[in-house]
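Asks: Here is what each chain is made of, one letter per residue.
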Amino acid sequence: MAGLTMILTLKKRSVLPGFGLALGWTLFYLCLMVLIPLSTLFIKSASMSWTQFWGAVTSPRALASYRLSFGASFVAALINAVFGLLVAWILVRYRFPFRRLVDGLVDLPFALPTAVAGIVLTTLYSQNGWAGSRLAKLGVKVAYTPLGVMVALTFIGLPFVVRSIQPVLQDLDIGIEEAAHSLGANLWQTFRRVLLPELLPAWITGSTLAFARALGEYGSVVFIAGNMPLRTEITPLLIMTKLDQFDYAGASAIALVFLVVSFGLLLLVNLMQRRRSSFPVLG
Amino acid sequence: MAATASPQVLAAPRLEPRVRTDPALVRWTLIVVGGVFLGLFLFLPLAAVFANALERGWGTYLAALKEPEAASAIRLTLLTSAIAVCLNVVFGVAAAWAIAKFDFLGKNLLITLIDIPFSVSPVISGMIFVLLFGAQGLFGGWLASRDLKIIFAVPGLVLATTFVTFPFVARELIPVMQALGSEEEEAAVTLGAGGWKTFFRITLPNIKWGLLYGIILCNARAMGEFGAVSVVSGHIRGLTNTMPLYIEILYNDYQFVSAFAIASLLTLLALLTLVAKSLVEWKTERQLAPQDSVREEGS
Numbered sequence: 032m033a034g035l036t037m038i039l040t041l042k043k044r045s046v047l048p049g050f051g052l053a054l055g056w057t058l059f060y061l062c063l064m065v066l067i068p069l070s071t072l073f074i075k076s077a078s079m080s081w082t083q084f085w086g087a088v089t090s091p092r093a094l095a096s097y098r099l100s101f102g103a104s105f106v107a108a109l110i111n112a113v114f115g116l117l118v119a120w121i122l123v124r125y126r127f128p129f130r131r132l133v134d135g136l137v138d139l140p141f142a143l144p145t146a147v148a149g150i151v152l153t154t155l156y157s158q159n160g161w162a163g164s165r166l167a168k169l170g171v172k173v174a175y176t177p178l179g180v181m182v183a184l185t186f187i188g189l190p191f192v193v194r195s196i197q198p199v200l201q202d203l204d205i206g207i208e209e210a211a212h213s214l215g216a217n218l219w220q221t222f223r224r225v226l227l228p229e230l231l232p233a234w235i236t237g238s239t240l241a242f243a244r245a246l247g248e249y250g251s252v253v254f255i256a257g258n259m260p261l262r263t264e265i266t267p268l269l270i271m272t273k274l275d276q277f278d279y280a281g282a283s284a285i286a287l288v289f290l291v292v293s294f295g296l297l298l299l300v301n302l303m304q305r306r307r308s309s310f311p312v313l314g
Numbered sequence: 226m227a228a229t230a231s232p233q234v235l236a237a238p239r240l241e242p243r244v245r246t247d248p249a250l251v252r253w254t255l256i257v258v259g260g261v262f263l264g265l266f267l268f269l270p271l272a273a274v275f276a277n278a279l280e281r282g283w284g285t286y287l288a289a290l291k292e293p294e295a296a297s298a299i300r301l302t303l304l305t306s307a308i309a310v311c312l313n314v315v316f317g318v319a320a321a322w323a324i325a326k327f328d329f330l331g332k333n334l335l336i337t338l339i340d341i342p343f344s345v346s347p348v349i350s351g352m353i354f355v356l357l358f359g360a361q362g363l364f365g366g367w368l369a370s371r372d373l374k375i376i377f378a379v380p381g382l383v384l385a386t387t388f389v390t391f392p393f394v395a396r397e398l399i400p401v402m403q404a405l406g407s408e409e410e411e412a413a414v415t416l417g418a419g420g421w422k423t424f425f426r427i428t429l430p431n432i433k434w435g436l437l438y439g440i441i442l443c444n445a446r447a448m449g450e451f452g453a454v455s456v457v458s459g460h461i462r463g464l465t466n467t468m469p470l471y472i473e474i475l476y477n478d479y480q481f482v483s484a485f486a487i488a489s490l491l492t493l494l495a496l497l498t499l500v501a502k503s504l505v506e507w508k509t510e511r512q513l514a515p516q517d518s519v520r521e522e523g524s
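Order-wise, the sequence lines are chains A and B.
Sequential numbering from 32 applies to the first sequence in this note's numbering.
Sequential numbering from 226 applies to the second sequence in this note's numbering.
Isolated chain B (complex conformation) (with noise of 0.2 angstroms):
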């Protein structure tokens, strides 16, 4: 499709409509009942959320906020999705090397094993740790009698988040490398670089977009996770309740303010990382077409 592609084509940004449109009558009934539709499915319920949390003003909101337990959980959300993200990101990077630069056999299987998470639905993804390490489980006598706990504590949030997000940096990345090929790095190592040295000053600096915005969505998705966490950890208050948690037991409670704006914040992560992934898409396209961009500053 690119050899045939005019340039201008590929020079113009992605969406520039056609030149030559439909009738005047099709087009804004289309745009009028599509708005509709986004209207009622996208823009009422993120409007919602604000409006809900705001509903008895700005004070309530922030006090809201700064419970203990919000806290509490805010720090543990956090907390699970830094472990979760470091983790990922470590084998995302791994997997993307192994995959992108190398042909072996079982290539086309291994990428099909790291996509088993997004097909396993959240509340299977919490419960395989509960058969692993719960009271009845594999392991469950063997922790027990060391008085280790993972299930309803914070051990088993992190290794339910981390399951749940496996996918998303090394699904990022595995594209991002292979578009850019070898050359570069066949290069430094011709010129008698070692692998470390060839991956921190060639291929990082390469991909930087593709992992920023992974670490982004797996970071997103780590935070707002929910059946998972659910599962495993027991809803213990000030001890367990990640931020997707609280909300439940928030609103649960009929405490509505409250749970929308702690949904608030995690809204304004969701929005934050919608605007990311727009200027890595940006960037992106400006880095694999720079016969048609003004050349990045050196970067």
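So that you can see chain A by itself, here it is in the shape it has in the complex (with noise of 0.2 angstroms):
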């Protein structure tokens, strides 16, 4: 009897009070604030014809923008790969002068306001700027260029991938380090079989963190970028021109592109998290 009142029950008997009220003011501000909004971008899609939409989301601009948009997330989330493990190495591993206060600021992306980010780097690295002018002694342009657009995503997606790596790092139990030392393995074998495997998990992650959070950014590349259309257009400033000329409907489709895209890189790094801990860590 017991038995089969407990599998009628939707939530597991408890002692504590609150569960109705917390759960359902939860799910009421959910609704409110998050499903309803959200849910007026399929309304407003689903008021257009296929052949609409279609039209909107695959314009020469649209794709553009995508290419862009794609393309250079993609290049700094490798870019914020590659360094992210370095820095996460030497922040676990080794010691040196400031090492805690650098540890501090690689959040600093994270908390720094995005305008505050744009403005700076672009007069950074505008023609005069301080670094712009360095650059163009060497015939590299970054304002106003995809390389710009580039620099700003690497920026900002910098602490993804060392805040990943970091915690794994620093659990990894240096007893299989020295096993694999004292069976003969030099430096690079260690970390590329006993180490790499390792950290592998947290390092896609992170750097599939970096690559969607790259790819939805407006406000620290909206003014490096230079905003031409169908050369330097990203596509949350198309979705924001759209929006402007009151092109709602347009502005819709690719937006819904756009999150779909996006949810659909959360689920994998949220699945990428479930497979790593349903697999015995080492250690």
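One should not assume that every hint holds.
[As the list claims (entries may be wrong)] Result set (EDC-like, lysine to aspartate or glutamate): computed pairs, CA atoms no more than 16 angstroms apart in a straight line:
{"id": "1", "chain 1": "B", "residue 1": "K502", "chain 2": "A", "residue 2": "D134"}
{"id": "2", "chain 1": "A", "residue 1": "K42", "chain 2": "B", "residue 2": "D328"}
{"id": "3", "chain 1": "B", "residue 1": "K422", "chain 2": "B", "residue 2": "E411"}
{"id": "4", "chain 1": "B", "residue 1": "K422", "chain 2": "B", "residue 2": "E409"}
{"id": "5", "chain 1": "A", "residue 1": "K43", "chain 2": "B", "residue 2": "D328"}
{"id": "6", "chain 1": "A", "residue 1": "K43", "chain 2": "B", "residue 2": "E510"}
{"id": "7", "chain 1": "B", "residue 1": "K433", "chain 2": "B", "residue 2": "E510"}
{"id": "8", "chain 1": "B", "residue 1": "K502", "chain 2": "A", "residue 2": "D275"}
{"id": "9", "chain 1": "B", "residue 1": "K433", "chain 2": "B", "residue 2": "E506"}
In case anyone wonders, no lab produced these hints; they're calculated from the structure.
These two chains come separately, so use the hints to put the complex back together.
Replies: The structure is reproduced here in structure tokens:
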């Protein structure tokens, strides 16, 4: 009889009060603030015919913006993958002056408002900026080019890879490294065959998070990008422009596609994290 | 992992490096390369904000901050953040209580739904409210007939900011409350305490550091939000310009020193957030490992 009752309840019995109130308010607020507003995107897109929708989503301008947004985000995520691993490595395993300060500052791109990041990077990399003037002598133009977009997105994604890898690196059992060392493996072999497989899930998760963040980024990119349609226009800006022109339908269509991709990435990250935790971790 | 870690590892501060290290050449090459990368992408921008703000000296810097439009931008930013943070704190606490203390069907789905605003681009976050309340939006006609303004007015800014910072407090509190467990609350209830009393006397003191950090993070994000508010604000000077929007206007008007002056305020806020983060991490570590450190003074 008790077993039957257990199966029929949707929640395990608990002595603590407040479940109804807490869950009720949570669901109400969630619907009000998140689900209902997001649904307008679907509603608006549904009001278009399929040809209209497809036309808006695959216009040359939209396609060019996808190429820039996805391409630059991918390159930025790649740069952050390589250097993020390096930074996490030196922060966890080595000792050097101001290490704790550097460790704290890694989160700066996360805490800094995007508009501030946008104007400071543009000023730095413009033709007469500190970095821009030096690069101009080498013939490299950064501001108002896709390169500038990549620089901004690299800045934005910096903390994600570092913070994903750091805990894993920290919890690594030094015993397996020493075992490998005593069995004759050199530094590179130890790294490649023993440590890297341990770090791979967190590394991929962090890089994907950096990629997802870079995709939707607006504030830090819109100053340095130059925003010329078909050349240096990122997708979020294209959406904004369409809204300014009251082309709500077109904006919704592109936004919907973008949203679906972002959700897909988030789901991927969640899946990867769950797979990782279902395997026994060494040490 | 905790079961196999030796007591020394548990007690050591988080950043303690290993005893056996890689050869010096490898070490220092990596440190230098890492340093150059961080110098370029982290320290350079940080220094540039203040260098640009103070380019024409302290006088110009302070004058820029005292401009009436600057003052109203600062006031508006503080107002919108305060409202957004309060709303999200109430939600965060409720959600964390429901998720951490109870087991129910659909809990994982709820956690995923709460995370949604994180994966939505800021521009889209603002746009959905325009679709709802804008002139051509779902409720546009209804609002216009009652002469209520949400988009291009302060309520729109509040809504967009609240949406963007929606998950911060909840995400911070859920792991903290899960790590703390329910034993103390259950003990209180069996001793006869009611729900609110249990919450205020038992739960709140335990989660205060996580809650504080969630508030700080939520506030920093709210004050710095740009994309979402850009869409809903209409950029009406002196009325619907928050600090980030005001920075954009100044910058596009080539008033660089003023733009960087306001930017420096937000940068200081960001640095304060980082300091608060380190403090809170230090405090929660001490709280969760009391056997290895001196007991808290009964706070």
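Asks: Between K43/A and E510/B, does the CA-CA distance stay at or below 16 angstroms?
Replies: Cα-Cα ~31 angstroms, so violated.
Asks: Please verify whether K433/B and E506/B have alpha carbons no more than 16 angstroms apart.
Replies: Roughly 12 angstroms between the alpha carbons, so the hint for K433/B and E506/B holds.
Asks: Tell me if the straight-line CA distance from K502/B to D134/A falls inside 16 angstroms.
Replies: Roughly 12 angstroms between the alpha carbons, so the hint for K502/B and D134/A holds.
Asks: Are the Cα atoms of K502/B and D275/A separated by 16 angstroms or less?
Replies: At roughly 38 angstroms apart (the allowed maximum being 16 angstroms), D275/A and K502/B break the hint.
Asks: Does K43/A pair with D328/B here, judged by a C-alpha cut-off of 16 angstroms?
Replies: Roughly 6 angstroms separates the two Cα atoms, so the pair holds.
Asks: Does D328/B sit within 16 angstroms of K42/A, going by the straight-line distance between their CA atoms?
Replies: Holds: K42/A and D328/B sit about 6 angstroms apart, inside 16 angstroms.
Asks: Are the Cα positions of K433/B and E510/B separated by 16 angstroms at most?
Replies: 13 angstroms, holds
Asks: Verify the proposed pairing of K422/B with E411/B, using a straight-line Cα cut of 16 angstroms.
Replies: 12 angstroms, holds
Asks: Given the hinted pair K422/B and E409/B, is their Cα-Cα distance within 16 angstroms?
Replies: 13 angstroms, holds
Hints 6 and 8, counting from the list given before, are not met by this structure.
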